[in-house]
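Work out the full structure, taking the sequences as your base and the hints as a guide.
The chain contents come next:
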Amino acid sequence: MPKQSYLGEFELVVMLAVIRLGEGAYGVPVYREIEEQTGRGAAFGTVYATLDRLERKGLVRSDLGDPTPERGGRAKRYFRATAKGLRAVRQARQVLTKLWRGLSELEGEIA
Amino acid sequence: MKQGHRTANWLLERLAVDAAVAGDILEEYERRRSRIWFAKQFMVAVCAGVWNPVRDDKLIVLRAMFIGWGAVSAWSLLIGYPWQLLRSWPPGPSLAPAKVFLNLLFLLATNAAVAWVLARIEHTRRAITLLAFLIFQSACYVYASYEEGRRLVMDSIDQPRFRPYLRFMWANSLRWSWALWSAAY
Numbered sequence: 001m002p003k004q005s006y007l008g009e010f011e012l013v014v015m016l017a018v019i020r021l022g023e024g025a026y027g028v029p030v031y032r033e034i035e036e037q038t039g040r041g042a043a044f045g046t047v048y049a050t051l052d053r054l055e056r057k058g059l060v061r062s063d064l065g066d067p068t069p070e071r072g073g074r075a076k077r078y079f080r081a082t083a084k085g086l087r088a089v090r091q092a093r094q095v096l097t098k099l100w101r102g103l104s105e106l107e108g109e110i111a
Numbered sequence: 001m002k003q004g005h006r007t008a009n010w011l012l013e014r015l016a017v018d019a020a021v022a023g024d025i026l027e028e029y030e031r032r033r034s035r036i037w038f039a040k041q042f043m044v045a046v047c048a049g050v051w052n053p054v055r056d057d058k059l060i061v062l063r064a065m066f067i068g069w070g071a072v073s074a075w076s077l078l079i080g081y082p083w084q085l086l087r088s089w090p091p092g093p094s095l096a097p098a099k100v101f102l103n104l105l106f107l108l109a110t111n112a113a114v115a116w117v118l119a120r121i122e123h124t125r126r127a128i129t130l131l132a133f134l135i136f137q138s139a140c141y142v143y144a145s146y147e148e149g150r151r152l153v154m155d156s157i158d159q160p161r162f163r164p165y166l167r168f169m170w171a172n173s174l175r176w177s178w179a180l181w182s183a184a185y
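Residue numbers (my numbering), protein chains in the order written: chain A, 1 to 111; chain B, 1 to 185.
Just to be clear, a hint being listed does not mean it is correct.
Partner residues are not named here, just some residues of chain A that face chain B (Cβ under 10 Å, in silico) [stated by the list, open to error]:
(1) Arg32
(2) Gly41
(3) Ala43
(4) Gly45
(5) Glu70
(6) Arg71
Read the hints as simulated data drawn from the structure, not as lab findings. Idealized CB from N, CA, C, for every residue including glycine.
See the structure below:
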């Protein structure tokens with residue numbers, strides 16, 4: 001049986017942000033997406049540490065874009081979810097849904 | 001780019017911050033973010049920039065210590081004899097201003113030479129290498145001058161005349177760090 005990549009809570013949040021953004025997923029939009037959707041601001045250092053970890057697991061891949069003046073001439077690093085990453089997110093959803101099902105204490109809590 | 005943002009850019013360039021992270025912080029900072037926001041992002045990015053290379057390659061710290069120590073030894077061998085001649089001149093007490101100045105110059109030149117070597121050997125990870133060496137050097141310095149420092153601190157509490165020496169020691173450690181970083185960048 002192949003080794004599965006389990007996602008932590010923040011890893012899942014970052015993966016979903018990257019998937020939602022599609023082609024334009026570099027640091028700033030990912031950061032804003034997390035801030036808007038979760039209502040809490042993360043640090044870029046934390047977001048990148050998570051993205052690096054996801055890349056090492058083969059769940060995302062990154063490419064360098066063009067440098068721009070407002071970034072002090074630094075290039076953007078674009079991220080994209082891999083097929084393995086998409087599988088890991090689907091699997092995380094299935095696991096959470098299974099765990100959620102039948103919990104009478106949480107009935108009606110999901111929007 | 002505004003003046004404050006230029007300073008931020010300068011800081012991010014010289015510390016262990018990944019170029020893409022630094023660029024993202026600057027881009028978001030330009031978008032009306034506060035200085036407190038920047039300080040938080042900066043601190044986390046620097047900590048991550050220092051920690052991540054150490055996590056990926058645990059030998060980096062040991063390598064920095066050995067290369068740095070080797071460079072210090074080579075430098076001391078290279079200019080040891082001329083330096084001995086300089087130290088005996090001009091004749092006078094060891095705390096004479098000229099001798100103190102020469103001593104300081106030697107220490108700064110040593111650190112600059114070591115930093116130059118370290119930065120070229122570990123070009124892609126120079127900030128963490130320099131930081132590791134700086135911590136190692138500071139630990140050696142504290143160990144070697146612990147008694148003297150402790151005495152100075154204790155004496156300075158009730159005798160203000162010792163405080164300038166304490167300030168001098170503190171300023172020296174800042175000068176070392178400055179020489180190390182300036183030579184590497």
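Against the structure, the hints come out as follows:
no. : hint  : in the structure
1   : Arg32 : holds (8 Å)
2   : Gly41 : holds (8 Å)
3   : Ala43 : holds (4 Å)
4   : Gly45 : holds (4 Å)
5   : Glu70 : holds (5 Å)
6   : Arg71 : holds (4 Å)
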